[in-house]
Structure formats: structure tokens, C-alpha cells
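Novice: This is what each chain is made of:
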Amino acid sequence: MSLSDLDLESIQLPIAVVKCAPNQLAYVNPAFRLLIEDHSHQDEDVFFEDIDALLDGGLTNLDGNSHSLITQELKIGRKRFSFEFSVGITTQEKFKTVTIIGVDKSDALKTEAKLNSYVRIIEENNKELQRLANTDSLTETANRRALFDTFDKLLQRVSDFHCTVSILDIDYFKRYNDQYGHDFGDFVLKTFARQIQDHLSEKTIFARIGGEEFCLVDYSGSATTATDKLQTTLNTVRNLQLQTPKTESVNISFSAGVAKYGIDGKTLDELLKNADRALYYAKANGRSCVIPYSADLFEKRDTTLIAQVDSPIPSD
Amino acid sequence: MEQSLFEKYGGFATIHQVVEKFYDGILDNDILSPYFDDIDMGRLIDHQTRFFASAMGGPASYTDTHLEKMHQNLSITEDAWNAVVAVLLDTLNAFSIEDVDIQQIVSAVGSKKPLIVAQ
Chain E
1 MSLSDLDLES IQLPIAVVKC APNQLAYVNP AFRLLIEDHS HQDEDVFFED
51 IDALLDGGLT NLDGNSHSLI TQELKIGRKR FSFEFSVGIT TQEKFKTVTI
101 IGVDKSDALK TEAKLNSYVR IIEENNKELQ RLANTDSLTE TANRRALFDT
151 FDKLLQRVSD FHCTVSILDI DYFKRYNDQY GHDFGDFVLK TFARQIQDHL
201 SEKTIFARIG GEEFCLVDYS GSATTATDKL QTTLNTVRNL QLQTPKTESV
251 NISFSAGVAK YGIDGKTLDE LLKNADRALY YAKANGRSCV IPYSADLFEK
301 RDTTLIAQVD SPIPSD
Chain R
317 MEQSLFEKYG GFATIHQVVE KFYDGILDND ILSPYFDDID MGRLIDHQTR
367 FFASAMGGPA SYTDTHLEKM HQNLSITEDA WNAVVAVLLD TLNAFSIEDV
417 DIQQIVSAVG SKKPLIVAQ
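Protein chains in written order, with the working numbering: chain E, 1 to 316; chain R, 317 to 435.
So here's chain E without its partners, still in its complex pose:
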């Protein structure tokens, strides 16, 4: 079937036939005219100028007998329209005939844009809810739930997994709360958490698991390295000076117990339990220290008496 067999006048799709070189509009069918008149408020010139631009820009890559789809956003008057032009080119001896079928896709594209936008909003919202569910709202660190989730994922994902699980407990925290108020207590927690987070190396998980208790999972290297790093962190934290509401400043420190995956436990629960035991030992032995767990830890020294000795908050 050739073009001349078609009854272009009665086809509902807007059709324009354009001659090439120079680009000239040869024919528009009633549907195309309606499309133009509908949107241009009789201002056909605007539309035809854009058609020329379309031909100049869109047809350079067309040759022989080919066909292409071009979506063009056009401004007609104040309004914007998205037209999808189906451009076909037919070469017959010395002449090229270009046919253009233009379809107004504005409404469909607007609906698509709104739907896409809404999908993105919902996705962002879900992501934010997920983040909130996994974050400790005060310190912005991971919470207990996120710690367990991430640990489980690591166990499944990493072959030959090994790590240390440490519990870090801020020394004398209750006294900060009692002496300077809860706002200062919160300030201590936030400062401490930020300090640790700022110095975290890769392959670590840091989470708040209780009032002034935090957990650090380090799966970056050997247990010895992890313990050494924790000791360095302790030294950095000791150097922090926090301004209290009562004009003086205080130094903070933490005690930590460290458990090794595979040796001191295979589940996070077991590891936390043993890290907690080592932490207890650290608290009982003067605080401000990092103690690796070992099964004979409590045979070395009777800690029950030492635990009762409390020294005052170190201050400047």
C-alpha cells in the first residue's frame, strides 16, 4: 500500500507531510490542523517554527527509508506541550518524502511525571522510616536492632568471618547526670558517640545498645589490632574536654570489654555476654581501660571488693 492509497483526510491521527530540502510543509490532515489549532489558539506560526527546528535537528541522522520517534517539548503561547513525532522518510528516485505524525503526549507525560514523583516520595519515605527504625535518635548511631541485623548479614555474606565485639561503657556517667543534669548527660553521650564515629575505620559497626553502653564490632583485621585501635580511641576520648553548665570542664573516659568471634562465642548474644563480663572486670579494676575477655579472667583477681571503690569524676 502506498501513501496515496491512504485516506489521510479521514485518519484520526494528526499527519503532516513535509518535503525535504528545503523543508516545506506539504500537507496537513484535519486531525493535525485540529491539534495545532487546539493548542496554539490560532497562533500557528509558533508551532510551525518549531516544526522547522524539529526538522533541522531531528532529520540529520535520517537517511534512505527510515523512521524515528522524536519527543519534543514545545511552548505554545504560555502553555507547554510534549509532542511525540513519528518521523518517516521515504526516498523515491530524486525525491525524499518525509511524513510526520505528531501526537500530543502532554497529559500522559504529566501523569507519568506525577506518578514517578510519588513513587520517589514513597521510596524516600520508606527509606527514612527504615533509617529511623535502625537509628538511635539521640546519638544518631545504629541501635540494637540495626546492630543485630547488620551482624547477621555479615555472618551470611563474609566467608571466613572473624571479628571482635566490644562493649564500651562511659565511666561515671550516672554522676554526670546527677551533678549537671540530664541535658549535660545527653551532651556527653552525643559527644562520645560523635568522637567514636568520626574515627571509625572501615569494616566496623558502632551502635548504642543501652543507656551509656555502646557496642563496637570490628571485622577489619586481627583481634590484637582491634584491641590496640580501641586503646588508641580510649586515649583520644580521654583528651576530650567537655564544658559543663557549671563553668568547669570535665574529661570523660570509657571502659571496654572485648570478645573474639569464634573463641569467646559464635553468636552476637554470646559475644556480647562475654564482652560484658570483661567490661565488668574493667570497671572493677579502675575503669578507663580495655580488657579482652578470657575464660580465666575472674580467677586472676577477686573483683567484687574492688568494684565497690569509686573514685570522683576527674576534672580540670
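Simulated from the structure, these hints should not be mistaken for laboratory data. Please note: incorrect hints may appear among the correct ones.
[Stated by the list, open to error] One-sided excerpt, in silico: chain R residues whose CB lies under 8 Å from chain E: (1) G341; (2) I355; (3) D356.
[Stated by the list, open to error] Computed list of chain R residues with no C-beta within reach of chain E, every gap over 12 Å: (4) G358; (5) A369; (6) N409.
In this text, all values refer to a predicted model and were calculated from it rather than measured experimentally. C-beta atoms are modelled at their ideal positions from N, C-alpha and C, and glycine is treated no differently.
Chain E is fixed; fit chain R onto it per the hints.
Specialist: What follows is chain R alone, placed relative to chain E:
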């Protein structure tokens, strides 16, 4: 939990029609249309969908910093602000939104005026 206006009026199923009317209203306005000359349709619709979802307590939110940043280089005049509020009222009135809720939306938007209009 109290139902948001976004949910009360049918969520996205309604809001997308509100956006449609607002979008047309903005682009059909002599004062407002030039502000959007260089913004493509998809982006404009995205902003407006977020705007309504946020103003009606739905699942999107703009922080004050974000709002300020988005508008700071646009030299938005008092006239433009008034024109947007007029289009907004016009839009909301075209849907069966209760007066008290319209007031709530307009006053929520109004509270952001200092972040949007050039000082």
C-alpha cells in the same frame, strides 16, 4: 494518630489532580510563568507533587534549608508570592476541600514566606 489532610482527601489519587490544576494555573499566569521558563515539565511536576504532599501533611517534607536554597536565587517578588497564593486558593477551592482545611494549608505555606520571597 490524627489523619493528615493528604489522607483525608484521598491521598495521591486526589492530589495528582490538584497538582494538575495548580501546574496549569501557575503556567497560565503572567507573573509566575517566566519563573519556570528554564525548568522542564518533569521537574516542575515533581516539585509541585512534593509541595502538595508536604503542605497537606503527606509523605513528603521540605526542610526550611531546602526551601530557602531552592528559592534564593530566583528574586521572588511580593507580587509573585501573592500570585502563587491566589493560584493556590483557586486550586484548592476547585476541589471539595473544607474552608478550615484550606486555611490550614494556606497558613502552613504562608509561614514559609520569609524563606521564599527575596528580602
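Novice: Taking the hints in turn, state whether each one holds.
Specialist: Results of checking the hints against the structure:
1. G341: violated (11 Å)
2. I355: This interface hint is violated because 10 Å lies over the 8 Å limit.
3. D356: Result: holds, 7 Å to nearest chain E Cβ.
4. G358: Violated, because the least Cβ-Cβ distance between G358 (chain R) and chain E comes to about 4 Å, which does not exceed 12 Å.
5. A369: violated (6 Å)
6. N409: At roughly 21 Å from the nearest Cβ of chain E, N409 (chain R) sits farther out than 12 Å, so the non-interface label holds.
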